[in-house]
Amino acid sequence: MKDTLITARRKRKELKAAGICLLLAVLLNIGCIIYYHTPFYEVFTQIGYTVVIALGFYLIYTAVRLILWLFRRKK
Amino acid sequence: MSNMTRKGFLETLGSLAVGSALFPWLSGCTPEKHRQAAGEKARLGIIGTGSRGQFHIANLLLDPNAEIVALCDDFPPHLDAASALCPAARRYADYRKLLEDKEVDGVIICTPLSMHAQMTIDSLAAGKHTFCEKAMAHSPEQLQAMYRAWKEGNRVLMVGQQRLYDPKYVKAMELVHGGAIGQVVGIRNYWYRNNDWRREVPSPEYERRINWRLYEEYSRGLMTELACHQLQNGSWAMNGLQPSFVQGTGSIMYWKDGREVFDNVAAIYQYPNGVHMTFESIISNKHFGMGEQILGSEGTIDLVRGIMYSEAPMRRSGIRQLLDQIEQGILAGSAFAGTSWATEEASTDKGIRFADHVTVNDGASSVGAAGDGSAELIHAFCLAAISGVQPAGIVEEAYWSTLLALLGDRATREGTRLEIPREIVW
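Protein chains in written order, with our numbering: chain L, -7 to 67; chain W, 235 to 660.
Hint data in this document are derived by calculation from the structure and do not stem from the laboratory. Hints are supplied without guarantee of correctness; some may be wrong.
[Unchecked claim] List of simulated lysine to any residue pairs, SDA-like, C-alpha gap at most 25 Å:
#1 K584/W to G40/L
#2 K584/W to P31/L
#3 K584/W to T30/L
#4 K67/L to L47/L
#5 K584/W to L16/L
[Said to hold, decoys possible] Sample of chain L residues at the chain W side, in silico, Cβ under 10 Å:
#6 L20
#7 I22
#8 T54
Here the structure is a predicted model, which is why all the values come from computation and not from measurement. For each residue, glycine too, the CB sits at the ideal point set by N, CA and C.
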């Protein structure tokens, strides 16, 4: 098994992606608050759901990149 | 329920009732009334020692304010069974002999319905405080005669409407009258069982005496034995307003075993303000059990389960609503031809439980259930027999529930719409 190296550039990229996912989830929550006419404090009280959804977005993003990577590798 | 719990509960209810026009009959159970009755015992005679009579005896044996001094039944096995529970009590085969017993202060009548009126009238005439099982009477004429006998005398009369002393019903009515469910817009009662309502008979000649509930000569069937309890909820919820009309239907469609009373009935009562109260009973399917619901413009009270539901329950968060919608399928609610045919589903609101220790049973017993208010009711009778003070409003409650049951029975048998008198006639 060989050592792996995660570069600072990669870390920054992943953190940026995770941040964007979290932002999207927060925006989705705000969208739901507006659409369903629920109280604005749900931005904070529903933070658990927001984090889980952000994690879901990040997993989808990772899965897409994995597929693309496999596709490119085959070529 | 233990003695202390029962006494404590009644005292709490009694305190609640002071100054409240909603529960006038409970004002005889305040802590002060209990103090006045401390150490005193009502000397009681039980007429009718069958299953319900023995149920009361079991409660009375635990009651510090009760002493059973006499028993009466003309069916020896029942009298023997009751004597085994209270061996010191004198035995009578004729109720008139028991009424002549000078040591009896109060009488508890647990006989078949058709005997209630005469026995109650005789008991009151003999100067005894009287507790009569529900329903009060077998006919409106008997009912009037009973009411007259009580009104013209000076003795206590109480009737076995145990819901009047059941904590969850008292609490529920407090909520209804406090406006918790808005305007009362409907009252729904049903009682489903799946048994033939028969008791074991030692030999055929006892058939009609043991299974008296099945024969018109003794009983008015489901309306007087079951509906009578539930119809009282309507009067209570409607703050004493009584229905103007009743119509109904019924038949013997399953238990075709020689019985004369219906095995399924449905009756609708209409109040002057347009509200309807329904009662339905089928004794060949018990899936839905027993239900008593007060429907309001802002909520619903399930009396049997002690739960209040809101018409606008607290909504889920926006994000939860989105996730629920995704889970159910966003397109599931869409219909090519509009939604007019779509099922209108019941509310999924879990409601708020307003009463603890709710007991339910499967309806197999027609005797009574622990915690249904029977013990409190009979204890209240003991207190009333000691003090000689009539609990206010209780006879009127029983009068109306019996009258509604009897007229409902007539409407189901005749298939007609009957007018209900606006006032007590006597």
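Verification of the hints:
1. K584/W to G40/L: holds, 24 Å
2. K584/W to P31/L: The given pair, whose Cα atoms are some 22 Å apart, holds under the 25 Å limit.
3. K584/W to T30/L: holds, 20 Å
4. K67/L to L47/L: violated, 30 Å
5. K584/W to L16/L: violated, 33 Å
6. L20: With a closest approach of 7 Å, the L20/L hint holds.
7. I22: This interface hint holds because 9 Å falls under the 10 Å limit.
8. T54: Cβ of T54/L sits 21 Å from chain W, so the hint is violated.
Hint compliance for this structure: hints 4, 5, 8 are broken, all remaining hints hold.
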